[in-house]
Amino acid sequence: KIYRSFVDSLVTNDFIQVNADSNKNIIKNIVPRKNIFFRKEKKTKLIASNLDHIFLIISGYPKFSPWTLMCMLARAKNQNINVSIILNKDDLKKNTELAKQELELLCPINFNLSQHSSILDGWKKYGFGVIECSTYSPNGMDKIKHTIQKIQIQKPNYQSQSICFIGQSGVGKSSILKKLMPDITVK
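Letter by letter, the sequence shown follows residues 1 to 187 of our numbering.
Mixed in with the good hints there might be a few duds.
Stated by the list, open to error - Lysine to any residue pairs mimicking SDA-like chemistry, simulated, CA-CA at most 20 Å apart: (1) Lys77 with Pro62; (2) Lys100 with Ile131; (3) Lys179 with Gln154; (4) Lys93 with Tyr61; (5) Lys125 with Glu104; (6) Lys43 with Gln152; (7) Lys100 with Lys124; (8) Lys93 with Pro62; (9) Lys45 with Phe15; (10) Lys179 with Ile151; (11) Lys100 with Leu69; (12) Lys179 with Ile148; (13) Lys150 with His53; (14) Lys45 with Gln168; (15) Lys42 with Thr68; (16) Lys28 with Lys40; (17) Lys40 with Cys164; (18) Lys179 with Gln149; (19) Lys45 with Cys71; (20) Lys34 with Asn13; (21) Lys124 with Leu105; (22) Lys178 with Gln149; (23) Lys125 with Lys93; (24) Lys34 with Lys63; (25) Lys63 with Ser175; (26) Lys24 with Leu10; (27) Lys124 with Asn82; (28) Lys100 with Glu132; (29) Lys143 with Ile131; (30) Lys77 with Lys93; (31) Lys173 with Asp142; (32) Lys124 with Ala74; (33) Lys40 with Arg75; (34) Lys150 with Gln168; (35) Lys173 with Lys187.
Read the hints as simulated data drawn from the structure, not as lab findings.
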């Protein structure tokens, strides 16, 4: 068992040093973080540290907040964290089309994309891949798995990568994780 000596400052994925010399394992230090991802409303809420990639999950239902999306993208870029946007629940066609239109309006510059381009292709120019999926469609899940595999091989010697799935309540984070790893229990 590990005891915290400074409860408020620890966040998910922190690396710690433990003083194991005494009868109790007490955290003596937090290893300096390479980055910290947070949410800021009335006060700052630290979410996770030392991240290599964030999957930001949105959906047409429940409707995503454009302001929250842009804030999260800006925070991730500020902390040098790569981001993929997952547009989940694409089986809800009408809601998904409305979400795509909103994403197109949010894209900072309208690139003169060819008529064969997706309206989401403009986001790729800014380094944000957009993956459309539904937990009812193997194609979308395959794209997420493939993206995770590409992320993993980016580090030398196959060092592990820290990946975070975030999104507002009801967008399908748990459903996606259960599809990717059927044996896990998600709370």
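Violations among the numbered hints, reported as their numbers in ascending order: 1, 3, 6, 16, 23, 24, 30, 34
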